[in-house]
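Keeping the supplied structure of chain A fixed, place chain B upon it in accordance with the hints.
Protein sequences appear in the order of chains A and B.
Numbering-wise (this note's numbering), the first sequence opens with residue 1 and increments by one.
Numbering-wise (this note's numbering), the second sequence opens with residue 1 and increments by one.
Everything labelled a hint here was simulated from the structure, so no lab data went into it.
If you're wondering where the values come from, they're calculated on a predicted model, not measured in any experiment.
Incorrect hints may have been included.
[Unchecked claim] Okay, derived cross-link-like pairs now, SDA-like style, lysine to any residue, Cα gap no bigger than 25 Å in a straight line:
id, chain 1, residue 1, chain 2, residue 2
1, B, K385, A, S127
2, B, K433, A, L16
3, A, K104, B, G56
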Amino acid sequence: MRSLFSYNKDYYGGGLMILVGLAAVRAGTQYPMGTLARMGPGLFPTALGAILAAIGLAIALSARSAVAPSPHPAGSESGAHPAFDPRAWGGIIGGTLAFMLLSKYGGLVPATFALVFISAMGDRENSLMEAFLLSISMVVIAVVAFWWALQLQFSLFSWG
Amino acid sequence: MIEQSLLGLWYGFGVAFDPHNLMWSLFGVLVGNLVGVIPGMGTMSTISVLLPLTFGMQPVPAILMLAGIFYGSTYGGAISAILLNLPSHPPHAVACLDGYPLTKQGKGGKALGLAMLASFFATGFGILVMLFASPLLVAVAFKFGPAEIFSVMLLGLLAGSTMSRGSAIKGVAMVLLGLLCGVVGTDVNSGTVRFSFGVHELWDGLNLIALALGMFAVGDFLLNVNRTVYATHSASVRARDMMPNWADVKQSFLPMLRGTLIGTLFGAMPGTGPTITSFIGYAFERKVSKTPERFGHGAIEGIVASEAASHAKAQVDFVPTMCLGIPGDPIMALILGALMIQGITPGPQLITEHPDLFWGLIASFWVGNALLLLLNVPMIGIWVKVLRVPYRYLFPSAMFFVVIGVYSHDSNLFHIAEMLAIGAATALLMALKFPIAPILLGFVLGPMVEENFRRALMVSNGSMSIFIDRPVSAGFVAVSALLILLQIVAYLRGTRNKLGVLPT
Chain A
1 MRSLFSYNKD YYGGGLMILV GLAAVRAGTQ YPMGTLARMG PGLFPTALGA ILAAIGLAIA
61 LSARSAVAPS PHPAGSESGA HPAFDPRAWG GIIGGTLAFM LLSKYGGLVP ATFALVFISA
121 MGDRENSLME AFLLSISMVV IAVVAFWWAL QLQFSLFSWG
Chain B
1 MIEQSLLGLW YGFGVAFDPH NLMWSLFGVL VGNLVGVIPG MGTMSTISVL LPLTFGMQPV
61 PAILMLAGIF YGSTYGGAIS AILLNLPSHP PHAVACLDGY PLTKQGKGGK ALGLAMLASF
121 FATGFGILVM LFASPLLVAV AFKFGPAEIF SVMLLGLLAG STMSRGSAIK GVAMVLLGLL
181 CGVVGTDVNS GTVRFSFGVH ELWDGLNLIA LALGMFAVGD FLLNVNRTVY ATHSASVRAR
241 DMMPNWADVK QSFLPMLRGT LIGTLFGAMP GTGPTITSFI GYAFERKVSK TPERFGHGAI
301 EGIVASEAAS HAKAQVDFVP TMCLGIPGDP IMALILGALM IQGITPGPQL ITEHPDLFWG
361 LIASFWVGNA LLLLLNVPMI GIWVKVLRVP YRYLFPSAMF FVVIGVYSHD SNLFHIAEML
421 AIGAATALLM ALKFPIAPIL LGFVLGPMVE ENFRRALMVS NGSMSIFIDR PVSAGFVAVS
481 ALLILLQIVA YLRGTRNKLG VLPT
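Okay, chain A solo, but in the shape it has when bound:
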């Protein structure tokens, strides 16, 4: 995974742009084109897609010669790293999905708790206890600031 990504990012990036551009062209041509004087809804997105695909091609072609993308002064995120940290992605996406589910079948309090707790567990260094305390404090903020002070239309507990 790592070697695939750090090998030549522009190659994949360009390819991705070609794909997105072509998809936009294909979707855009489904709508009426019209003429230049009386443009239909399809023309603008089709044109954008075509240009994007062409630029994607240029990015992919120049991938070999492009080195050292941008000077990064302080280096807070220097170096190539894989995009995908399963634990982080699992925590953030899982927490958000849990919020969506629990806000419907649970209410603000359990939804907030689940969101913060699951996201916090996405970080390797957080212990269960820390995640628990953090979630409890966010629940308090949610109830006091959003439910009570800002009058957010969201019941604290609900069943269904």
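Coordinates of chain B only, in the frame set by chain A:
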């Protein structure tokens, strides 16, 4: 004209000092500063996270608060850049170069104090320019037809994508992607629903809040959790350390002035981002300095000049955003989007239709910046403590604010899912080293670009030559073409040079 502006400003101060407005301005400044200090929260994510708070408000306090958040977070960004060597906001990357060495020498407080003084000075100057340039620009803008508007937007988009950090061509790709995102939803001319993938919620287009939060908060978290190691130590700075002495002020005055002028000049050019402005301010200062070797080892002039440049630029940037409705950079695009959510269309008619908003905003810049300067001195101790909050506590809490913010907009769970999907896509793009900010620029401008393109060609009966037949439009097109040409030349020269140089 000048008399009118002064009268307007007088009226604006009345609006800005209205207790209700003043309270929200102060709140915005404080919260913006607080969130901006937090390592890893840039101006974009700060504004995005706090944007939902403004929905229930009247337009004037809402926009005053947003502007407060904006400059509050840039002040906050300077603190984490100088004390921790962390550029959470790219324009502050330059402040790290000399600020952090000064912190290591124990002079971090003084560096901060002077940086804030420089920001205040530059902002004041920028406001003056804004005050007198806006009515002029408005007079010109009223003569613009669709062809001119399209051309100036084209220039803005091109400049915004090619002159920011990173690869120019990838920036252009991202602007195009943003324009495509802007296509989603109902086409105003024909009523056709485009790119909705059969989802009813997308008929109104992608949600700006979901897009901004997905891009600048969720995408960032996905990429940085478990990976970002922030410095744990931080210098202790007390209020009295920040007081610069007379010699410091004398030493920094000229760099401050030069930085301000550079920032003002760049503010007048659409699309040149604040990052490039601060870099040029810094580079220029090093060039004119008698002792350029001190730069990078704690030269106060470098900090002062770059901070002044980026703040003057930020202020002047409000001119095209408010008067033409054309944002100079993604942050302005976000503020423009917020205005539109409030039901206000920025443009030449803004000054006459919403004088309270326009002049109140200008006056509140002064008020807000004075507040910041006053607040930051006694509160520096608190900010330093905030700097120590670890990322692993921050992002789960931020996730809550993000999710509740998207949800509270219209109580629709769909937008949370939308934000999540956008966040994942953004993380992928960032991993592929695409600059993501231009997406937002394209997204906000997209519908306007299409609308004016279509209207211009309707006027000309389908002839593309309308864009070069009209002199003003031709000028913008020529500058755009020049910009592309410069990029190609720079690229070709770059590849030739790099053949002999090892990649760093």
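Cross-check of the supplied hints:
The straight-line distance between the Cα atoms of B/K385 and A/S127 is roughly 22 Å, inside the 25 Å bound, and the hint therefore holds. For the suggested pair B/K433 and A/L16, the alpha carbons sit about 12 Å apart, so the restraint of at most 25 Å is met. A threshold of 25 Å between alpha carbons decides the hint, and for A/K104 with B/G56 the separation of about 23 Å falls inside it, so the pair holds.
In this structure, every one of the numbered hints holds.
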